Amino acid sequence: MNKSKIFAFSAISLSAALLLTACGNSVSKSEDSAQEAKYSFASNILTLDTSMAADVNSIDVLLNVDAGLVRWNPKAQVVNDLAKSIDISKDGKTYNVTLRDGLKWSNGAKLRAADFVYGWQRTVDPKTGSQYAYALTPVANASEIMTGKKPVDTLGIKAESDTKLVITLATPTPYFNKLLTLPAYYPVNEAFVKKMGNKYGTSSDTSLYNGAFKFVKGKNNWTGSNETFSIVKNDQFYDAKNVKLSGATYQIVNNPNTAVNLFKSGKLDVANLATPELVSANKKNKDYKALTSPRIDVLEYNQSGKVPELSNLKIRQALNLATNRKNLLEIAAPSFSITNTVTPKKLDQAPNGEDFATYAAQPYKYDATKAAELFKEGLKELGKTSITLELEGANDNSFSKAAVDYLKGNLEKDLPGLTINEKLVSSAQRQKDAQNNNFQILLTSWGADYNEPSDFLMNFVSGSTMNHGLVKNPNFDKAYQAATTAPDVLSADKRYAHYKDAENALYEAANVNPLATESVSLLLNPKLKGISTYNSAMIFDLRHAEIAK
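Going left to right, the sequence shown walks through residues -22 to -1, 1 to 527 as mature numbering (1 follows the signal peptide of the UniProt record, and there is no 0) numbers them.
It is worth saying that the hints were derived from the structure and are not from the lab. Since we're looking at a predicted model, the values are computed, not measured. Cβ atoms here follow ideal geometry from the backbone N, Cα and C, with glycine treated the same way. There may be inaccurate statements among the hints.
Claimed, not checked - Below, in silico cross-link-like pairs of lysine-lysine (DSS-like), each with a Cα-Cα straight-line distance of 27 Å or less:
{"hint": "1", "residue 1": "105", "residue 2": "284"}
{"hint": "2", "residue 1": "53", "residue 2": "211"}
{"hint": "3", "residue 1": "68", "residue 2": "82"}
{"hint": "4", "residue 1": "142", "residue 2": "172"}
{"hint": "5", "residue 1": "173", "residue 2": "71"}
As the list claims (entries may be wrong) - So the derived label-pair ranges between C-beta atoms look like this:
{"hint": "6", "residue 1": "261", "residue 2": "336", "range": "37 to 47 Å"}
{"hint": "7", "residue 1": "197", "residue 2": "55", "range": "50 to 60 Å"}
{"hint": "8", "residue 1": "368", "residue 2": "66", "range": "41 to 51 Å"}
{"hint": "9", "residue 1": "255", "residue 2": "127", "range": "49 to 59 Å"}
{"hint": "10", "residue 1": "526", "residue 2": "197", "range": "22 to 32 Å"}
{"hint": "11", "residue 1": "440", "residue 2": "138", "range": "40 to 50 Å"}
{"hint": "12", "residue 1": "122", "residue 2": "63", "range": "42 to 52 Å"}
{"hint": "13", "residue 1": "286", "residue 2": "144", "range": "27 to 37 Å"}
{"hint": "14", "residue 1": "255", "residue 2": "197", "range": "31 to 41 Å"}
{"hint": "15", "residue 1": "63", "residue 2": "453", "range": "56 to 66 Å"}
{"hint": "16", "residue 1": "355", "residue 2": "144", "range": "30 to 40 Å"}
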C-alpha cells in the first residue's frame, strides 16, 4: 500500500473501508448549529475510483461515500455492512453472502450482487492497473487473471441472485474478512462505469456512491483539482437514519501551522501537530491528544535494474547501515519510534503474545564503519570510485521534507564517494512515481489496511502490484507463500514463523530500509462526537459522527 494505506487496529489500520487515512489530515469545527464537519488535507485526493485508490486522502473520502460487504467498527472489529450475513464453509474456502434488502446507489439504481462481481473483476483485470489488485490474490483464479493466464470471468465470485453471492478462495485465508474492508473489494456499477468511460472516478460528477455520504452535482463538487469540495448525507444509504451529520467539507491546507491556527480560532475540529515544534508548543493544551498510528516510514530502493548501483547488495547494505535512525527521529519526528521490521509496531500480536514488530525484529542498526567498508567494496564491484543517487520525498509532508534533508547529510558523511541529490515533489507525484517505478530511492509512508503482517509484507512479493521497487527475493517469496497458503496458513504458530522468516529475508538482502513507526499528536475538539480515537486513522470515519451543541 502506499500503501498508502490508511487503516489500523491494535494499531491496525482501518482499512480501506474505514481507515487507511492519513495522519496529516485535519477536521473542522462547525461555526453554527449545522451538523457539518470540515476536513483539511495537506494534498489533494487523486481519485474516487475504488479500484484505483491507493493514497490516504482518496481513501479517506471513499470510506465515507462508499461501502463494502463489511467494515471496521469503532473498536476495530470487522462487522457486516452491506452484507446481511456471511456463512463460511468448514474448509474455509467458500463464503456464502446474503446482501441487505433494498440497497441502492446514490442515483437510485438498485445495488445488486452483480455489482460486487464486476467490481472485483475490474480490480484484478490487468487492463485496469490497480495497485491493490494483489490484495485479491486469496480469491480463486485472481493470480492467474492478473498474469493474463485466465479470463476475468473465472474469478472466484458469482452472483446467484440480486442478493446472493458465492465467493470461492484459492486457499483458506483466516484474515479474509479483514481484506474485505478494502475499497478494492467494494461494488462497482458496470453501467455507470461504461457510461463515464475513461473519465470514471476522475471527478465527483463522474463517480457513483453507495455510502453514508455522497457528492452532489453542482454543489461544491470535486473537479479533480479544486481545493475545496463537499459531501452531503446520502438519503439512499441503507442506514441513513443513523447518519447524524448533514455533510462535510474538505479543503487543502498544506501548512500545518495554518491548520493549528484554524483550530484555535474555532474553524477546525482536528489539527495534526505535524512538526516537533508544534508538538512542543501544544502539549499542555487541554485538547491535545497522542494517538497510535498504523503507519511506517521506509526507504524503498529501485531494484528493477534501471539503477545498477541499487542492484548491488553491498551498496544497499551500506545505505542501511549508514542510516542513523536515532538522530533522524530526534531532528525530524521525536514522537516516532525506530522500527526493525517492515511492519509497524502495535499492528498485530504473534501467537506468543509479543508485538509482531518485537517478535520478528531484525538487527537493523547504525554502524558507520561497517557501512563505509561495504560501500567501498560495492563501488569496487561496480568499477566506480563514486556514485550519485536521487532521494525522493514529499514536499507537502513535514516529516518527509526534514528526513530527506537529514538523510542527505547523514549518508554523504558516512559513505565517502556518495552524492545524494534531493528530489521533493507533491505527495500525488510521489505516489505516481512509486506506481510507475520512476524513482531511485523513495522515502515513503505506508498505512495499514488491516491488522496482519501480510498487509505490509505483500509489498515485496515478486510480481505484486504493490511492489514499487520491483524486489525479487526468492527466500522472501518462499516464506510469504508458505505463510499465506494451506496448510501453514491455518496454523498461527507456523504462519507467524514464516512471516518472521520473510522479514529476515528482506533484512539479509537489504531490499528495504525501515525507519520508524509513526505516532500522531493532534488537537481534537471535544464537541466532535461519534468518532473513534482507537487510533489516528479511525477519527476520519464520519458515519456516526456528530457535532455536539
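Item to complete: For the range 49 to 59 Å, tell me whether the beta carbons of residue 255 and residue 127 fit it or not.
Response: Check passed, 54 Å falls within 49 to 59 Å.
Item to complete: Could you check the hint for me, namely that residue 368 and residue 66 are 41 to 51 Å apart, CB to CB?
Response: 48 Å, holds
Worksheet entry | Satisfaction of the hinted span 40 to 50 Å by the C-beta atoms belonging to residue 440 and residue 138 | Given about 36 Å between the Cβ atoms, the range is violated.
Practice prompt. With respect to the beta-carbon atoms only, verify the hint that residue 355 and residue 144 lie 30 to 40 Å apart.
Written response: At 56 Å between Cβs, range violated.
Worksheet item: Do the alpha carbons of residue 105 and residue 284 lie within 27 Å of each other, as the hint requires?
Response: 24 Å, holds
Worksheet item: Is residue 173 within 27 Å of residue 71, Cα to Cα?
Response: Violated, at roughly 35 Å.
Worksheet entry | Supplied distance hint 27 to 37 Å, evaluated on CB atoms of residue 286 and residue 144 | At 49 Å between Cβs, range violated.
Worksheet item: Would you say the C-beta atoms of residue 122 and residue 63 sit inside 42 to 52 Å of each other?
Response: For residue 122 and residue 63 the Cβ distance comes to about 30 Å; the hint is violated.
Practice prompt. Verify the proposed pairing of residue 68 with residue 82, using a straight-line Cα cut of 27 Å.
Written response: Between residue 68 and residue 82 the Cα gap is close to 32 Å, so the pair fails against 27 Å, i.e. violated.
Worksheet item: Quick one: are residue 526 and residue 197 within 22 to 32 Å, going by C-beta?
Response: For residue 197 against residue 526, whose Cβ atoms are near 26 Å apart, the range 22 to 32 Å holds.
Worksheet entry | Range hint 56 to 66 Å (beta carbons of residue 63 and residue 453) holds or violated | Since the Cβ atoms of residue 63 and residue 453 sit about 42 Å apart, the hinted range of 56 to 66 Å is violated.
Worksheet item: residue 255 and residue 197, beta-carbon distance inside 31 to 41 Å?
Response: At roughly 38 Å between Cβ atoms, residue 197 and residue 255 fall inside 31 to 41 Å, so the hint holds.
Hint compliance for this structure: hints 3, 5, 6, 7, 11, 12, 13, 15 and 16 are broken, all remaining hints hold.
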